[in-house]
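> Just add 16 to wherever you are in the sequence shown, counting from 1, and you've got this note's numbering.
In case anyone wonders, no lab produced these hints; they're calculated from the structure. If you're wondering where the values come from, they're calculated on a predicted model, not measured in any experiment. One should not assume that every hint holds.
[Claimed, not checked] Below, computed lysine-lysine pairings styled on DSS-like, alpha-carbon distance capped at 25 Å: (1) Lys-264 to Lys-146; (2) Lys-112 to Lys-277; (3) Lys-264 to Lys-44.
[What the hints assert, rightly or not] The following label-pair restraints were derived from C-beta to C-beta distances: (4) Ser-175 to Arg-225: 29 to 35 Å; (5) Pro-224 to Glu-193: 53 to 59 Å; (6) Leu-427 to Gly-332: 30 to 36 Å; (7) Gly-21 to Gly-332: 32 to 38 Å; (8) Asp-88 to Gly-21: 55 to 61 Å; (9) Lys-418 to Lys-188: 55 to 61 Å; (10) Pro-224 to Gly-266: 21 to 27 Å.
Note that beta-carbon positions come from the ideal geometry of N, C-alpha and C, so glycine has one too.
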Amino acid sequence: YIYLGPDENMHNVMLDWIADYSRWVGYKVGAAFISSKPTAGINHKEYGVTSLTVNVCMEEVLLYMGIDPKKDPFTIKISGGPDGDVAGNEILNLYKKYPNTARLLAITDVSGTIFDPQGLDLSILADLFKEAKPLASYPPKRLNDGGFLLDLQTKKEQSAFAQKTLCWKKEKGKLIEKWLSGSDMNHLYRHNLHQVVTDIFIPAGGRPRTLNSENYQDYLLKGKPTSRAIVEGANLYLTPAARRELEKLGVIIIKDSTANKGGVICSSLEILSGLTLTEAEFIKEKKGLMPQILAIIEEKAREEAKLLLRSRDESGEFLTDLSDTVSERINTYTYELLAYLETCTLSKDKNDPLIRALLNFCPPLIAEKYQERVIENIPDIHKKAIIASFLASRLIYRRGLKWSPSIVDVLPLIASDPTITDK
């Protein structure tokens with residue numbers, strides 16, 4: 017079976033149409049074919065599922081650096097505006113979880129770039145997120161001394177061939193309106209975010225390859241990286257070459273495939289729900305189901321982040337390489353388990369070890385209240401894939417990258433084989 021997840025600029029009406037069309041053509045999985053549906057699904061922006069894993073990774077990295085974000089002040093910069101999914105939800109996370117410790121110094125989005133040496137007002141930014149307004153809507157009067165807001169949406173004609181862009185600056189308690197020429201505007205817009213010094217940087221929006229082998233030096237100030245760590249909320253913001261050069265300089269980088277996998281995990285759980293519950297049942301159970309799904313996403317993100325940071329200390333390898341190794345190892349074990357399971361007939365006994373793994377993958381509400389449907393209704397190939405990936409990931413997260421099967425691990429199988437134990 018094939019399932020689809022959402023991507024950028026896929027609006028609710030499109031998601032509903034895809035689900036309806038899947039039902040109309042008689043596809044077996046019905047509306048479960050597409051995830052992130054607005055009502056009978058889990059909208060990723062509404063629940064902030066991608067930024068949840070980004071935030072967990074940020075938290076673990078800060079702890080690794082000796083900063084407890086719930087107690088100790090820390091500085092951060094973000095690409096992507098308050099009206100975006102990942103950036104907006106991460107701003108909301110900062111406001112809700114670390115209102116007294118997080119100092120968000122700089123943001124850049126398509127509408128402009130902003131800097132405040134004392135930290136931007138998180139409550140205002142949270143309101144902009146709720147109102148789906150871009151960065152340029154931030155009130156300049158709330159800037160502290162030394163702060164500025166470059167508003168790309170406000171321009172005035174300088175001549176028939178040139179225009180200037182508005183830049184608000186706060187100096188000695190006074191708000192000053194300045195108009196920048198094209199070259200000055202471009203320089204400020206391009207370099208502000210990458211030149212502000214912070215503890216951590218979260219690219220949560222922006223074009224792929226924004227930092228690459230040709231310009232990664234833009235992220236350096238006097239030869240040193242401008243943040244100690246980067247958690248990649250946006251896909252491909254850094255190229256592999258840029259990552260490597262910054263890692264050589266000591267930057268801790270949590271790769272996009274680790275940091276923003278919350279959306280993928282959420283989609284898999286939504287599909288599971290769609291295969292076991294009717295739409296009416298899902299809508300009825302959604303209020304109780306969502307905290308469990310979010311808890312599962314957070315648990316998996318924290319397990320991977322902890323494993324990576326622990327493995328970095330043990331091996332001395334770069335985190336981006338370790339992230340790839342984790343994925344490769346999980347996939348290898350998954351495919352090996354799946355190859356074995358393909359020839360097996362799954363039990364329908366809830367106490368069978370493989371069925372227990374299947375049920376443990378599910379949110380508790382589904383595993384307990386709809387247990388029979390999970391066992392009976394989900395296609396066998398889907399159940400086997402769940403079991404294989406669940407066991408493979410648990411093995412890696414719990415036993416680490418240094419573990420590999422030994423003779424002791426397979427001793428129970430050896431002991432139960434009469435062709436080996438008997439004369």
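> Each of the hints needs a verdict: does it hold here or not?
Verification of the supplied hints:
1. Lys-264 to Lys-146: Roughly 39 Å separates the two Cα atoms, so the pair is violated.
2. Lys-112 to Lys-277: 22 Å, holds
3. Lys-264 to Lys-44: The given pair, whose Cα atoms are some 50 Å apart, is violated under the 25 Å limit.
4. Ser-175 to Arg-225: 29 to 35 Å: 34 Å, holds
5. Pro-224 to Glu-193: 53 to 59 Å: Violated, at about 35 Å.
6. Leu-427 to Gly-332: 30 to 36 Å: Between Leu-427 and Gly-332, where Cβ atoms are some 33 Å apart, the hint holds.
7. Gly-21 to Gly-332: 32 to 38 Å: For Gly-332 against Gly-21, whose Cβ atoms are near 35 Å apart, the range 32 to 38 Å holds.
8. Asp-88 to Gly-21: 55 to 61 Å: Cβ of Asp-88 to Cβ of Gly-21: about 36 Å, so the range 55 to 61 Å is violated.
9. Lys-418 to Lys-188: 55 to 61 Å: Given about 58 Å between the Cβ atoms, the range holds.
10. Pro-224 to Gly-266: 21 to 27 Å: 25 Å, holds
Violated hints, in rising order: 1, 3, 5 and 8; the structure is consistent with all others.
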